[in-house]
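Full structure from sequences and hints, please.
Chains as they are written, first to last, in the numbering used here: chain A, -19 to 175; chain B, 406 to 578.
These aren't lab readings, by the way, just hints derived from the structure by calculation.
Fair warning: there could be bad hints in the mix.
Dumping the calculated DSBU-like pairs for lysine-lysine here, alpha-carbon to alpha-carbon at most 35 Å [as the list claims (entries may be wrong)]:
| # | chain 1 | residue 1 | chain 2 | residue 2 |
| --- | --- | --- | --- | --- |
| 1 | A | LYS40 | B | LYS549 |
| 2 | A | LYS40 | A | LYS100 |
| 3 | B | LYS549 | A | LYS63 |
| 4 | A | LYS101 | B | LYS550 |
| 5 | A | LYS134 | A | LYS40 |
| 6 | A | LYS40 | A | LYS64 |
| 7 | B | LYS549 | A | LYS164 |
Some chain A residues flagged as far from chain B (calculated, every beta-carbon gap over 12 Å) [what the hints assert, rightly or not]:
| # | residue |
| --- | --- |
| 8 | PHE51 |
| 9 | SER52 |
| 10 | PRO53 |
| 11 | VAL54 |
| 12 | ASP56 |
| 13 | PRO60 |
| 14 | GLU61 |
| 15 | LYS63 |
| 16 | LYS64 |
| 17 | GLU65 |
| 18 | LYS66 |
Only part of the chain B face toward chain A is listed, based on derived beta-carbon distances under 8 Å [what the hints assert, rightly or not]:
| # | residue |
| --- | --- |
| 19 | ARG428 |
| 20 | VAL432 |
| 21 | MET438 |
| 22 | ALA447 |
| 23 | LEU450 |
| 24 | ILE455 |
| 25 | VAL464 |
| 26 | ILE486 |
| 27 | ALA506 |
| 28 | THR508 |
| 29 | PHE512 |
| 30 | THR514 |
| 31 | SER526 |
Bear in mind the structure is a predicted one, so any value in this text is a computation, not a measurement.
By construction, the Cβ of each residue, glycine as well, lies at the ideal position given by its N, Cα and C atoms.
Read off the chains here:
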Amino acid sequence: MLNYIWFGMIVLSVICAFFNGRLEALSTAVMEGSQQAVELSFSLLGSMCAWLGFLKIAEKSGLTELMASAFSPVIDRLFPEYKKEKAIKGKICMNLAANFLGLGNAATPLGLSAMEAMAKKNREEGPTRGMILFVVLNTASIQLLPINMAVMRKACGSLAPFAVLPEIWVTSLASLLVCVLFCKFLERGKGPWNK
Amino acid sequence: MEQIGAAALPAILGAILLFGFCRGVPVFDTFLMGAKEGVASAIKLLPTLIGLVLAVTMVRESGLLELLCEAAAPVTEALGISPEIVPLALLRPISGSGSSAYTMSLFHTFGPDSETGKIASVLSASTETTFYAITVYFGVCRYKKLYYTVPAALLGDMAAVVGSVLTVRWMGL
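Structure, rendered in structure tokens:
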């Protein structure tokens, strides 16, 4: 899938730039893009190390397991195949909690660690239902207080930076519900992800 | 409100550390063990990120986005979505920094408390950078097939576009 998307993005950009006369801008974009990626990796490296370090402490002390059992009613329903995998459930919990609290920097490292743990258990060629649902949840937003957005609005002169909070809650909840229902519907059908 | 955001991170770190320390975990040694795993994961991600960011900057610089907006115009007009929101809806799933910059420009043009400004706020805040999450999350475990991941995620993004327009029109103002 990503093969096609990546191919499409690049080929269409080249064709489009050719007809728009933006080929020069495109060649700088290639160089800048790869440079930006390295910068991004380095900033990610920092937050990865820091957060995985703290995650290890939380795991060793039993804190993640405590969280996993506290959120079991929700997690077990979303990820039934990992019902008995306390370590994986703990990592999933930590990622979802970081997302909920709006700690984007923490959510990615914690989520990657959960993905690696799920991949280790998986013997199939493709991802499991749980892995798919987990990634889809991470593409939706489940943030309680969108602080960044409020800060942006305030910086641009908004008189009520938090006025759109109910709208954001309703919209993100609706989008999240659509994602989960779609995944759960497909999980029922026949497919290689159900092996 | 902003103070809550600023306090959340130190409070959580403090709680994790304190809990571990009280339980007799050798906190610094354990931290280092975890951090070491972070290095490996981050290095593993570098090629994925280069491929992704490269493609995203190319799409942005080539004018492909404007072309797609024009192509989508009849559909979005029929749905009552204003033309200024369409680029944001297309940009949001592929580029976090790009969509933030575009939201800022909408705030400057229309004002953050206008209808367009509010829709932009709701849309940006109720979705994540979909393609970044998918490539990065599947980048660490290298699966070729993603099955229904992309359709599910995009369906959620579409729901957010429709939801942001509807909620701002019905709930606010």
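Evaluated hints:
Distance check on the hinted pair: A:LYS40 and B:LYS549 sit about 33 Å apart at the alpha-carbon level, within 35 Å; holds. Under the criterion of a C-alpha separation no larger than 35 Å, the hint pairing A:LYS40 with A:LYS100 is consistent with the structure, at around 20 Å. With a C-alpha separation of about 26 Å, the suggested pairing of B:LYS549 with A:LYS63 holds against the 35 Å cut-off. A distance of roughly 17 Å separates the Cα atoms of A:LYS101 and B:LYS550; the hinted pair therefore holds under the 35 Å criterion.
Simply put, A:LYS134 and A:LYS40 have alpha-carbon atoms about 41 Å apart, too far for the 35 Å limit, and the pair is violated. At roughly 18 Å between alpha-carbon atoms, A:LYS40 and A:LYS64 fall within 35 Å of each other, so this suggested pair holds. A hinted pair counts as satisfied when its Cα atoms are at most 35 Å apart, and B:LYS549 with A:LYS164 qualifies at roughly 22 Å. With a least beta-carbon separation of about 16 Å from chain B, A:PHE51 lies farther than 12 Å from that chain, consistent with its non-interface assignment.
No Cβ of chain B comes within 12 Å of the Cβ of A:SER52; the nearest lies about 19 Å off, and the non-interface call holds. The Cβ of A:PRO53 sits about 23 Å from the closest Cβ of chain B, beyond the 12 Å cut-off, so the non-interface label holds. Against chain B, the non-interface label of A:VAL54 holds: every CB pair exceeds 12 Å, the least being about 18 Å. At the 12 Å boundary, the C-beta of A:ASP56 stays outside the reach of chain B, the nearest C-beta of that chain being 20 Å off.
The beta carbon of A:PRO60 sits about 17 Å from the closest Cβ of chain B, which is more than 12 Å, so the claim that it is off the interface holds. The Cβ of A:GLU61 sits about 15 Å from the closest Cβ of chain B, beyond the 12 Å cut-off, so the non-interface label holds. In this structure A:LYS63 is separated from chain B by more than 12 Å, as the shortest Cβ-Cβ distance comes to about 21 Å. Listed as a non-interface residue, A:LYS64 keeps its Cβ farther than 12 Å from every Cβ of chain B; the least gap is roughly 21 Å.
Here A:GLU65 stays apart from chain B, with its beta-carbon at least about 16 Å from theirs, past the 12 Å limit. The non-interface label for A:LYS66 is consistent with chain B: the shortest C-beta to C-beta separation is roughly 16 Å, beyond 12 Å. Interface restraint check for B:ARG428: the shortest CB-CB distance to chain A comes to about 4 Å, inside 8 Å, so the restraint holds. At its closest, the beta carbon of B:VAL432 sits 6 Å from a beta carbon of chain A; the interface hint therefore holds under the 8 Å criterion.
Because the beta carbon of B:MET438 sits about 5 Å from the nearest beta carbon in chain A, less than 8 Å, this interface hint is met. The interface hint given for B:ALA447 holds, since its Cβ lies 4 Å from the closest Cβ of chain A, which is under the 8 Å cut-off. Given the 8 Å rule on beta carbons, the hint for B:LEU450 holds: about 6 Å separates it from the nearest Cβ of chain A. Annotation: interface hint on B:ILE455 holds; nearest CB of chain A at approximately 4 Å, less than 8 Å.
At its closest, the beta carbon of B:VAL464 sits 5 Å from a beta carbon of chain A; the interface hint therefore holds under the 8 Å criterion. Given the 8 Å rule on beta carbons, the hint for B:ILE486 is violated: about 14 Å separates it from the nearest Cβ of chain A. Contact between B:ALA506 and chain A, as hinted, is not supported at the beta carbon level, the nearest pair being about 11 Å apart and thus beyond 8 Å. At its closest, the beta carbon of B:THR508 sits 7 Å from a beta carbon of chain A; the interface hint therefore holds under the 8 Å criterion.
Using the Cβ-Cβ criterion of 8 Å, the hint placing B:PHE512 at the interface with chain A is satisfied: the shortest such distance is roughly 4 Å. Nearest Cβ of chain A to the Cβ of B:THR514: about 10 Å, over the 8 Å cut. The hint is violated. Hint on B:SER526 holds. Least Cβ distance to chain A is approximately 5 Å, under the 8 Å limit.
Checked against the numbered hints listed earlier, the structure breaks hints 5, 26, 27 and 30; every other hint is satisfied.
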